[in-house]
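Undergrad: These are the residues of each chain, in order.
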Amino acid sequence: AGSASGSRRFLLKGSLAGAAVYMVYEQGLLGSGVQGAEALKKAQEALPPAIQEWTSYIGWEVRNVQLPPTPKFDFSPSNSWNKGVQTVMSALSVAPTRACEYTAEGWKYVKDLVK
Amino acid sequence: MASEGELGRKWDRCLADAAVKLGAGFGLGIVFSVIFFKRKTWPIAFGSGMGIGMAYSNCQHDFQSPYLLHGKFIK
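Protein chains in written order, with the numbering used here: chain A, 23 to 137; chain B, 196 to 270.
Fair warning: there could be bad hints in the mix.
Said to hold, decoys possible - Think about it this way: if two alpha-carbon atoms lie no more than 20 Å apart in a straight line, the pair counts; the simulated PhoX-like pairs of lysine-lysine are:
(1) B:Lys-233 with A:Lys-64
(2) B:Lys-235 with A:Lys-35
(3) A:Lys-63 with B:Lys-267
(4) A:Lys-35 with B:Lys-233
(5) A:Lys-64 with B:Lys-205
(6) B:Lys-267 with B:Lys-205
(7) A:Lys-105 with B:Lys-205
(8) A:Lys-63 with B:Lys-235
Said to hold, decoys possible - Examples of chain B residues toward chain A, derived with CB under 8 Å:
(9) Asp-212
(10) Val-226
(11) Ile-230
(12) Arg-234
(13) Asn-253
Calculated from the structure, these hints are not laboratory results.
Don't be surprised by glycine CBs; every beta carbon is placed ideally from N, CA and C.
Chain B extracted, bound-state conformation:
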């Protein structure tokens, strides 16, 4: 597995995760805005921002830990 290929895969994963988290944050922001906050805009912005922040944090961990394998802990 070439290292530049692995880097490309990490970037792809990062961007895909960012899109998913932005969408999820946006969606949850809409839900909370409609249900609790009388259709104000700020919950949507807050949710989107949270999604982007979570994606950034995940990307940071992924890029800074090159030797970790992604696995699942089965009890």
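Isolated chain A, as found in the complex:
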């Protein structure tokens, strides 16, 4: 009886683990890079309506005040990186000029203080 319940328990555990692995595989999470990116995009699209549904279910929706719109998760790391590089480079290119200007202003301020 002990071994029978033990094997039943093992079968149940195996079924749960197998179901989890199959679900992950079926969603395309273990496939190619294109499938993974598409799965993330689908999840991002499904998130704002889910948040909306949950907040209305919990009852956080106030009738008089409009909740802010749910944020869109259309994030491109390469675009953000490129913008960051451009910002840094443009800042570096104007840095010597700005440094001269601030030095001159600071020197003028000190001279006025000393007078």
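Place chain B on chain A using the hints.
TA: Showing chain B alone in chain A's frame:
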């Protein structure tokens, strides 16, 4: 289609895939840890590591095969 745009899209795809595979590996690691391994930590680390490895391999193939089009084989 500009080549630097295509490179940016590949990086985006790569990072998205890495996030998905890391999450899936982490999740499956938790499932296996709870079901089979008495809530030990190592299956979670193993699953996460496997996910990262799979993502790295996919990225490597994507970057090293610039002339391949992504398609689906329909029998």
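Undergrad: Next, verify each hint and record whether it holds.
TA: The hints, checked one at a time:
1. B:Lys-233 with A:Lys-64: 33 Å, violated
2. B:Lys-235 with A:Lys-35: The hint holds at about 16 Å.
3. A:Lys-63 with B:Lys-267: 19 Å, holds
4. A:Lys-35 with B:Lys-233: OK: Lys-35 (chain A) and Lys-233 (chain B) at ~12 Å, within 20 Å.
5. A:Lys-64 with B:Lys-205: 18 Å, holds
6. B:Lys-267 with B:Lys-205: 18 Å, holds
7. A:Lys-105 with B:Lys-205: 17 Å, holds
8. A:Lys-63 with B:Lys-235: Measuring from Cα to Cα gives roughly 32 Å; hence the hint is violated.
9. Asp-212: Constraint on Asp-212 (chain B) satisfied, holds at 3 Å.
10. Val-226: 5 Å, holds
11. Ile-230: Interface hint status for Ile-230 (chain B): holds (5 Å vs cutoff 8 Å).
12. Arg-234: 13 Å, violated
13. Asn-253: Since the shortest Cβ distance to chain A is 4 Å, the answer is holds.
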